[in-house]
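Going line by line, the protein sequences match chains A and B. Residue 1 is where the first sequence starts when you use the working numbering, and the numbers rise one by one after that. Residue 1001 is where the second sequence starts when you use the working numbering, and the numbers rise one by one after that.
Keep in mind that the hints were calculated from the coordinates and are not lab data. Just so we're clear, the structure is a prediction, and the values are computed from it rather than from any experiment. All C-beta atoms in this analysis are idealised placements derived from N, C-alpha and C, irrespective of residue type, glycine included.
Derived DEER-like restraints, expressed as beta-carbon distance ranges:
id : chain 1 : residue 1 : chain 2 : residue 2 : range
1  : B       : 1192      : A       : 195       : 20 to 28 Å
2  : B       : 1192      : A       : 538       : 50 to 58 Å
3  : A       : 496       : B       : 1048      : 37 to 45 Å
4  : A       : 543       : B       : 1174      : 49 to 57 Å
5  : B       : 1195      : A       : 543       : 40 to 48 Å
Not close to chain B: a few residues of chain A, all C-beta gaps over 12 Å, as computed:
id : residue
6  : 51
7  : 500
8  : 543
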Amino acid sequence: MRTLLVLALGAACASAASPDGATHDNWPHYGGTQLSWRYSALDQINTGNVKNLVPVWQFQTGDYAENLQSTPIVVDGVMYLITPRIQVFALDAATGRPLWHYKYPTPRPGKPGGMTFMQNRGVAVADGKVIFGTTDNFLVALDAKSGAEEWKVSVDDPRQCGCDITAAPLVVKDKVIVGGTGGDAAHRGYLTAFYTKNGRFAWRWYVIPGPGEKGHETWKGDSWKLGGGAPWMTGSFDPELNLVYWGTGNAGGDFNDEARLVPGAKGKEANLYTASVVALDPDTGKLRWYHQEIPDDLWDFDSAYECVLIDREINGRMRKLLVHMNKSGVTFVLDRVTGEFIGAFSMPEVQTWISGITEDGKLVGRVEPAAGKVVTTCPSAAGAKSWNSTAYSPRTGYVYAPINEVCNDLRSESDEAVEGRFHANGGFTFKLPPGRKTYSHIDAWDPITRQRIWSMPYRYVLLASMLATAGDLVFTGDPEGEFFALDARTGAKLWSYQTGAGNRGSAVSYSVAGRQYIATPTGWQQAITGAQLAPLFPDQNWRTGSTLIVFALPEASK
Amino acid sequence: MNRALLLFLVPVLGWSQSAGEKVFAQSCATGYCHGARGTPAGAPRLAGRGFDQAYITNTIARGLAGTAMPAFGTTLSRTDLVAVITYVANLNGIANPTISLGPGGPGASGPAEPPLSAEAERGRVLFFDAIRGFARCSTCHEVNGVGIPVATPISQIPASPGALRALATPDVRTAALDGESRGETMPALIVSQTKKRALFYDLTSVPPVLRTVDPATLKVTQGSGWRHESVIGSYNDFQLTSILAFLREAIKPQ
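Chain A extracted, bound-state conformation (with noise of 0.2 Å):
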């Protein structure tokens, strides 16, 4: 009956002019909903009783070869877990208990070419089926019931791109739409687009126009044929304006731009569309829309991040509104029914690498990598936050946001662009800046009136996701294993848990026959920007893991 009250609740909210970006009982998206606010309307554990939460159950991978970073999807119950090593568990979301496993062949040894990840950040699920993207390149489709293999296709060859998949897909009607990376290997950036009912290809999406398209003229002789700007995390999708949302990575090679920038470009709209949000239309891969929100990107701040739209009232007028962060933590609100640029604000409290941003959304006074020196900018390319997401909550109308204070060196070279092959010609060296005691913080902020509300340091670094909930509650984790909610309109530590390794994973939240849970993936990671800080931190103990731990409130105090 709960249940029943609360699909027709959804229903309606669904054909009211605002779409609902909640999640119910199911957290059916990688982002919640497709309109990506890690935002559950659940409010059974709330600021009055989330000191009670205990765990309830918890779930070991056994996967131990980098940290859990996916996103756990729920559906009717069951919720479906994927890791590093592309190993799918379906599990009783109200127990644990495994209902299926499925393991992927081990791709072929010794073949990878560039730089190819082993990281997997979570399924979709949609007709009938739970589709994920493997460290080779593949798209692949389970039946959700079995777990058995139903189709499987190649999306590019690793070892010739020097890419893979380690984004969520986006189920979007009847096709599921998927990046890969390849943003710092010599490699053309898309998006590609197949039917989930059989695989077939529905349409690509290239980040840089070919010959003969608009903005192919933004690059410099043959440079747009390996030219990066990946799309490497999750897109969104407004059903209602028809539009799919994606960020693009940076243009290749990152931190020297003497290969791709037209001569006089500087200061101007450079190497479309990379470092930019795009529309496009789901049905066709067709653009409709773009913001580049830094031209020219020397720095590796991809664009590539999640896009929570939000309806809000700027002016008097309702307005249909796109926020999006890159790793910067400059955070730009859009229009998303024309791309129109509203208004920016930065997270980060050292930001060296531009004095600011004008009204119109050009960044000045920037400070760029330059060949031949060391140049010293804040934030780093680990980001001020990188691919964990925000969470948005419509109660309190606040973004938040994990954001870390690192700085770095960069050096500016000039590589030939080979395919496949990494290139970021030059690279960098994260350091700490000077004067501080902490390291990272967890804001609010206010995208329209752009005012940070309350802020909570901590003394490293943080890179989990966030999750609100209307319970007025806001869940992440850190790297020394504490699992905290904090209260969504002040920022005060309620709960913590110590999980017993890093959190650098996201946690949803759903309900089965009437309790609610919330699920978060623990185990801190081997690779890339979590074992790239930790040098930073002498005196840090962050553990791996791959543990799922799920808390509800004891049954007697429900």
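Start from chain A and add chain B according to the hints.
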């Protein structure tokens, strides 16, 4: 004698270290993976770990399965490979390493291979041409370890572009599915069929899709409407001639 040897070694070592350091800086020490001079960054520290030479050579050349460490034996030239192995050996206190790669082993795809003729090289580029997206040969064919092996390895090379277009393999049949997918028929390349499951490539569009179905729902008949010319339409005759030249040079007769 010792002094003479030392004099001889120093310049060699000096050369090797700087060449190796350059390769290391570009391919390994970017900050994304290892740090400068073997310090830890995204990937572990490499300096002063006490690695032995066989381990260093093998790991760099073949990669570490199950980790992000790639096999540089397939991507670096033999010269660069030897230089970077020497550099990492130096970082581990091995001053004058003996590096054994073996003929045809890692790094053999570098300058040791006889170069392709100009036409075959044009054909190679076309065969793997990423600009064509899925409309390239390597969507279905693996040659020299690159490409998706949907088709069985190429063993017979057609004489002309015309013959290449006309290729109609009897391996492609027509699959009809009933049950939930009632009415679906498609050109299919059967991979395997047991009592429990049938695997086939659906060739309706490119890229081919590997489908797994219950054999009870599958009916396979001989022949199909599929023709090789329908999937190689992005190439003209001139380009196909170059591709055939590449295949003749790259594929050794069995």
